[in-house]
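In the order they appear, the protein sequences are chains A and B.
Numbering-wise (my numbering), the first sequence opens with residue 2 and increments by one.
Numbering-wise (my numbering), the second sequence opens with residue 2 and increments by one.
Treat each hint with caution, since some may be false.
It does not matter which identical chain is meant; a pair holds if it fits inside one copy or across any two.
The calculated lysine-lysine pairs, modelled on DSS-like cross-linking and capped at a C-alpha distance of 27 Å, are [as the list claims (entries may be wrong)]:
| hint | residue 1 | residue 2 |
| --- | --- | --- |
| 1 | K362 | K337 |
| 2 | K30 | K205 |
| 3 | K323 | K205 |
| 4 | K23 | K169 |
| 5 | K23 | K205 |
| 6 | K183 | K307 |
Rather than coming from a laboratory, the hints here were simulated on the basis of the structure.
Number of protein chains: 2
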Amino acid sequence: MFTFSLPTKIIAGPNCIKENAKEIRSLGKKSFIVTGKNSASHNGSLFDVQAALEAENISAILFDQITSNPSINLVRKAAQTAREEKIDFIIGIGGGSPLDAAKAIAVLATNDLDDEALFSGPYAHPFLPVAAVPTTAGTGSEVTQYSILTNQHLETKTSIAHPGLFPKVAFLDARYTLNLPKLITIHTAIDALSHALEGYLSVKATDFSNLFAEKSLALLGECLPQLSADLAFRVREKLLYASMLAGVVIAHTGTTAVHSIGYSLTYFKEIDHGRANGLLLAEYLRFLAPSYNDKIQAILDLLQLKDISEFSDLMHRLLGKKEEITAAEVMQFSSKAAQAANLKNTLIKPTEQDIAALLQKSLTFLS
Amino acid sequence: MFTFSLPTKIIAGPNCIKENAKEIRSLGKKSFIVTGKNSASHNGSLFDVQAALEAENISAILFDQITSNPSINLVRKAAQTAREEKIDFIIGIGGGSPLDAAKAIAVLATNDLDDEALFSGPYAHPFLPVAAVPTTAGTGSEVTQYSILTNQHLETKTSIAHPGLFPKVAFLDARYTLNLPKLITIHTAIDALSHALEGYLSVKATDFSNLFAEKSLALLGECLPQLSADLAFRVREKLLYASMLAGVVIAHTGTTAVHSIGYSLTYFKEIDHGRANGLLLAEYLRFLAPSYNDKIQAILDLLQLKDISEFSDLMHRLLGKKEEITAAEVMQFSSKAAQAANLKNTLIKPTEQDIAALLQKSLTFLS
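Can you make the complete structure from the sequences, with help from the hints?
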């Protein structure tokens, strides 16, 4: 038994926005561009989007104040502007933060919701349509129904999940990722790896979601060992493709314990999201290996790695020195993660003690 | 550069219709069931659909007069009833013929079109939504934007192709295929094979469409040698899954010369559609092999076959005695096929002479 739904039209290739400007036309006449402060101008994506909008006679309001791990208040502020300007649709440009912010703004632009109802619904009105332009290869948000925000009430990151959040169209142009700093390339690629790997090991995995996970893992297996060097355009394209495929995976399987635990590392220790996952992945595989050796060997084979030690070495080579974690932090984070909703997708639901052990082994533990 | 769009929500598994009746609710309150005379009652699909509609308080008009290779006039007749009854949406149940008819009825129920405009558009009004319940594993129509009808004006089968024709939801329950006669199982499986294989060899093939084609070919490679025996449910599920994947492929790549040529065999000689393709496939591979050996070897590897001879033997074992074809028929059919629109998707566009040679070699030629 499986269900598969991918309402997002995916358009990929160099110059795909300008060559497919008409795809945006059906979304409306007045757009709201949601992005971060600088990167969209530097990598050329903002210019391409603006040119496409102009070609189609679509007006645009620019909101370029999205920060990493956007807060509820930030998206409220943007949604207020969107309402005042009576916009028809939203274009998110950037990494996971602007894309997830764009989706949350699409919810709040048409719905009056307090902070709790923002995540839980019910949603009285259809959301505004969203077009997504990823400029990192990691989030997969361009093909998911999730918007993940920093939730100061719960002291973690929490998700809005709703079929109405699938972008109507995603434009994948790897040119925008060409000049990403090495560290961002690594962290985002590991985020994609984490999606494909967790999706493959999710209780919700199906033959069909595995088709995408396996392809994503195979592509990442080719790319990961090269990430510390300068990357050819062909590698950038593979990473963006792999990241999208991994997004399709988690759209169907959800994420698992790695994300549940990683959110605390990001919220409290400001460790980048992809990096946080990457720190945890090897011990996560070791945790599941005694019961799910076949699945884990399949993942390692796809990644062209011999065993979990080789996997661990690769992560270490890419991530460098691990962050420190104190006993108090371990206690705090494991208690927090034990309440996370996506924990239930894990093949073996870890106890609070399991999570504590995993954190201790994954970071540099200051006992 | 690629574009991927799969607006159909796919729900698969035993009992998936009854367990997901709410998915139909959003399509409207009054339905039009389009199916053939007997099979939908015999295989249980009609009963399940009616039970799901009843559970959701949706009324239904039954149109069970769809024949093989439905004509324009037949779908006009059904569309007339649909209009008079002011229905909200259509449920197609059956093999390719009822599903394609359901889609054409969805066009004609809201648009006044003469026979030519039915295929070419423009279409002034949105089509009615369609839900699809395949009861053979071959057509893939449940996940495509095509409706293929017998066109007596052009003396061939022609397609309506429009994004509005993707079914909103497809229910894949292999139980309905359990008691299919052996010959239908074989012909429809070879139709799926033809889709996956032609899609893989289409000029429009992309990495992404190949992901689906490769998986479909691998599954068919496991199933095809067993088709002459009684099939376990697990094999029936694989066939239905492979057929859907192959449908996703042709939704993106179109079909190629095999379909162009096969349509004449069906129109003039009443050879079943899947069978017609199957007769042609081996010679089609031989035609392309000198220039595209790597791609063809990849297909053969996925099918677990050594070379084209083994492929040809497998087709012969499944299809039995080949039909005869006269010199006059070869001339007529190759002239017809040379005008077909999907010919241009072929890696090497065959000339009329190429097509004539392919037909002579593929059937029993009466010179």
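Comparing the hints with the structure gives:
1. When the C-alpha separation of K362 and K337 is checked against a cutoff of 27 Å, the pair qualifies only within one copy, where the shortest distance is 18 Å, while the shortest distance between copies is 70 Å.
2. Proximity of K30 to K205 under the C-alpha cut-off of 27 Å is found in neither arrangement, the shortest distances being 39 Å within a copy and 32 Å between copies.
3. For a Cα distance limit of 27 Å, the shortest separation of K323 from K205 qualifies neither inside one copy, at 31 Å, nor across copies, at 46 Å.
4. In the homo-oligomer, the alpha carbons of K23 and K169 lie at most 27 Å apart both inside one protomer (13 Å) and across protomers (23 Å), since each shortest distance falls under that limit.
5. When the C-alpha separation of K23 and K205 is checked against a cutoff of 27 Å, the pair qualifies only between copies, where the shortest distance is 21 Å, while the shortest distance within a copy is 36 Å.
6. Taking the shortest Cα distances, K183 and K307 sit within 27 Å of each other inside one copy (26 Å), while across copies they are farther apart (45 Å).
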